[in-house]
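Peer 1: These protein sequence lines are chains W and L, in that order.
If you count the first sequence from 1, position 168 lands on 168 in my numbering, and the numbers rise without skipping.
To convert, count from 1 in the second sequence and add 175; that's my numbering.
Hints were generated in silico from the structure; no laboratory data involved.
Accuracy of the hints is not assured; some may be wrong.
[Stated by the list, open to error] Per label pair, the in silico range of CB-to-CB distance:
id	chain 1	residue 1	chain 2	residue 2	range
1	L	F605	W	R12	27 to 35 Å
2	L	A579	W	L117	51 to 59 Å
3	L	G458	W	R12	44 to 52 Å
4	L	G458	W	I96	46 to 54 Å
5	W	F91	L	A545	46 to 54 Å
6	L	R193	W	E154	32 to 40 Å
7	W	F58	L	F310	34 to 42 Å
8	L	D461	W	F90	52 to 60 Å
9	W	R12	L	T369	28 to 36 Å
10	L	W313	W	G54	35 to 43 Å
Predicted model, so just to flag it, every value in this text is computed and none were measured.
Virtual Cβ for every residue (Gly too), placed ideally from N, Cα, C.
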Amino acid sequence: MSRTLFAASFAREADILAAAAEVRRRGYTISDAYVPYPVHGLDEAMGLAPSRMGWACFLFGAPALVAALSFQGWVAAVDWPINIGGKPFFFWQAFIPVGFEFTVLCAGLGTVATLLLTQGLLPGRRRAVPDMGATDDRFVLVLVKSGTAFDAGEAMAVLRDCRVVETREFLEGAA
Amino acid sequence: MAEALQEVWIRGGKTAARVTADVCAPIERGPTALWYGAFAASVSVFLVGACAMAYTLSTGIGTWGLNRTVGWAFDITNFVFWIGIGHAGTLISAILFLFRQKWRTSVNRAAEAMTLFAVMCAGIFPLLHMGRPWFAYWVLPYPNTRGSLWVSFASPLLWDVFAISTYFVISAVFWYIGLIPDLATIRDRAKSETRRRIFGFFSLGWTGSARVWSHYEKAYLLLAGLATPLVVSVHTIVSFDFATSVIPGWHATIFPPYFVAGAIFSGMSMVLTLMIVARSVMGLEDYITDRHVDVMCRIILAVSCMVGLAYASEFFIAWYSGNPYERFVFVNRQMGPMAWAYWTMVSCNVITPQIFWFKSMRAKIGLVFAASLVINVGMWFERFVIIVTSLHRDFLPSSWVSYAPTSIEVATFAGSFGLFFTLFLLFCRFLPAIAMAEVKGILQPDLHGHGGAS
Numbered sequence: 001m002s003r004t005l006f007a008a009s010f011a012r013e014a015d016i017l018a019a020a021a022e023v024r025r026r027g028y029t030i031s032d033a034y035v036p037y038p039v040h041g042l043d044e045a046m047g048l049a050p051s052r053m054g055w056a057c058f059l060f061g062a063p064a065l066v067a068a069l070s071f072q073g074w075v076a077a078v079d080w081p082i083n084i085g086g087k088p089f090f091f092w093q094a095f096i097p098v099g100f101e102f103t104v105l106c107a108g109l110g111t112v113a114t115l116l117l118t119q120g121l122l123p124g125r126r127r128a129v130p131d132m133g134a135t136d137d138r139f140v141l142v143l144v145k146s147g148t149a150f151d152a153g154e155a156m157a158v159l160r161d162c163r164v165v166e167t168r169e170f171l172e173g174a175a
Numbered sequence: 176m177a178e179a180l181q182e183v184w185i186r187g188g189k190t191a192a193r194v195t196a197d198v199c200a201p202i203e204r205g206p207t208a209l210w211y212g213a214f215a216a217s218v219s220v221f222l223v224g225a226c227a228m229a230y231t232l233s234t235g236i237g238t239w240g241l242n243r244t245v246g247w248a249f250d251i252t253n254f255v256f257w258i259g260i261g262h263a264g265t266l267i268s269a270i271l272f273l274f275r276q277k278w279r280t281s282v283n284r285a286a287e288a289m290t291l292f293a294v295m296c297a298g299i300f301p302l303l304h305m306g307r308p309w310f311a312y313w314v315l316p317y318p319n320t321r322g323s324l325w326v327s328f329a330s331p332l333l334w335d336v337f338a339i340s341t342y343f344v345i346s347a348v349f350w351y352i353g354l355i356p357d358l359a360t361i362r363d364r365a366k367s368e369t370r371r372r373i374f375g376f377f378s379l380g381w382t383g384s385a386r387v388w389s390h391y392e393k394a395y396l397l398l399a400g401l402a403t404p405l406v407v408s409v410h411t412i413v414s415f416d417f418a419t420s421v422i423p424g425w426h427a428t429i430f431p432p433y434f435v436a437g438a439i440f441s442g443m444s445m446v447l448t449l450m451i452v453a454r455s456v457m458g459l460e461d462y463i464t465d466r467h468v469d470v471m472c473r474i475i476l477a478v479s480c481m482v483g484l485a486y487a488s489e490f491f492i493a494w495y496s497g498n499p500y501e502r503f504v505f506v507n508r509q510m511g512p513m514a515w516a517y518w519t520m521v522s523c524n525v526i527t528p529q530i531f532w533f534k535s536m537r538a539k540i541g542l543v544f545a546a547s548l549v550i551n552v553g554m555w556f557e558r559f560v561i562i563v564t565s566l567h568r569d570f571l572p573s574s575w576v577s578y579a580p581t582s583i584e585v586a587t588f589a590g591s592f593g594l595f596f597t598l599f600l601l602f603c604r605f606l607p608a609i610a611m612a613e614v615k616g617i618l619q620p621d622l623h624g625h626g627g628a629s
């Protein structure tokens, strides 16, 4: 069942910050906000948990490091050891550059893949909300209307105090 | 508040809508006659180079001026030159991001594009030098029917394969991730359906959701954190190609920092060369201001002094080592048959940038542009001096020879410039040359004490 959403756009980042804090204080549910650039303080105003993307980076990078180092060790010392002037077969110091590069490659690609897949950013995806100028210069705050204690009159008053520019109602998922 | 006032990097009292309009203007109006002229010239030069490459491929690298004494020359010089150019892009996009330098937002997009194109140009030379580039995949460790006979993980040339390919992939991903919000901006203002579809496809359904931004910012920070040691590792490993050999003039522990500094030096001057032209042609002087040029000149001056110190240290250590071969190489560099290349390098790289001590000089854009070209030339000669003068007079005087490039080598090098400018012109024509979302983030005075913007 798709919810009815109520979107309000603002012209300044200070306005959306104030509005987000105020509507949350009054118990409205914020569906999301759409902004042209990351507005500092908006995460806190909306009550978003810190991103755990760092774990993705680590979980891709650490096995890659282990794999690269152990593969090089296996090649050099087990599968095809070559006697070069009696030097040790397990020349681990020389494994560091390739181990490092492979770690960076996997950690970087893994982080980006995690970002794109978990956030649904995929080629050809259509935008999921109406365009209210959030990719240009508008700051759009979207509240959940259906199924919550949504008082349209009070909400409008709060938003008007924060210099709302435009409001719109739409069904979730209908762009 | 005084601090906030000092932090104004964008001129003309821009609003976010103005930023969108200004940055999109050059890509939304049709290409100008100037663009067509520049594009035709670049493609022509590239085609000349492509013919030389085809000739090299069909005939072999005997078409080059290499000989038994000088086995690396023009090709590896060009390879190191182009890789170095790329490094400034990552410096600006990743290292300055970690240092929360707001001015980077105006130049990072173009600098990252420059990195990608420079790495592509660099890749041409080792591939051609392989002689049989259709076997290029032999450098990868894959199970094969020869044993499996593995590649040697003790070889810096193999490390180079991993470093350069990782560098290219991570730079490309970093650049694309940075582009997504701007591609969505273009999609949402597209007039034609085709344009909306194309940019809609590549913008991956981006809406500017604060939830997505929160993860996006974190991922961007992580990529910057990965790219920073990566860029240092890349030129370090390139320097290992030389430093781990036993050739006097190459076998030096100073090589990694010396190469990294030189790379940032040459890359920064290439950024200046491109940005000074691009901002005036595309009317973006309010975004890439004289203040941006000023800070880049300061970086160039600082790195120039590091490079000068490296030249001096190398020379001192050669004398101090007491090794006659080492001493000979350095005396030969300065007074031998290729002394002209050495002194070109010193005058371009160490003497010329000293003008940037003066604010009045950093404010003369024409002069800065000329100096950036001179530094590009000087940094090419630095690699030529390191590679060729160390080789051409080796341990046995009976094997001393000279080296001169053939027309094929010169044409291939020219072709790499043609490719570079062709790609850069296409980039300026079809993609936003300035990171709009990032610039919008630094327009308003910072209310919360955070520095950077992404």
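Peer 1: Work down the list of hints and note, for each, if the structure agrees.
Peer 2: Hints, one by one, checked against the model:
1. For F605 (chain L) paired with R12 (chain W), a C-beta distance near 32 Å keeps the hint of 27 to 35 Å intact.
2. For A579 (chain L) and L117 (chain W), the hinted distance range of 51 to 59 Å is satisfied, since their beta carbons lie about 54 Å from each other.
3. The supplied range of 44 to 52 Å is broken by G458 (chain L) and R12 (chain W), whose beta-carbon atoms lie about 27 Å from each other.
4. Between G458 (chain L) and I96 (chain W) the CB atoms are about 48 Å apart, so this pair conforms to the stated range of 46 to 54 Å.
5. A hinted range of 46 to 54 Å holds for the C-beta pair F91 (chain W) and A545 (chain L), which are about 49 Å apart.
6. Between R193 (chain L) and E154 (chain W), the C-beta spacing of about 35 Å keeps the proposed range 32 to 40 Å intact.
7. For the pair F58 (chain W) and F310 (chain L), the supplied restraint of 34 to 42 Å holds, since their beta-carbon distance comes to about 37 Å.
8. Evaluation of the 52 to 60 Å hint for D461 (chain L) and F90 (chain W) yields a pass: the beta carbon distance comes to about 59 Å.
9. Roughly 34 Å separates the CB atoms of R12 (chain W) and T369 (chain L), a value that falls within the hinted 28 to 36 Å.
10. The hinted range of 35 to 43 Å is satisfied by W313 (chain L) and G54 (chain W), whose Cβ atoms lie roughly 37 Å apart.
Violation of the numbered hints given earlier is confined to hint 3; every other hint is satisfied by the structure.
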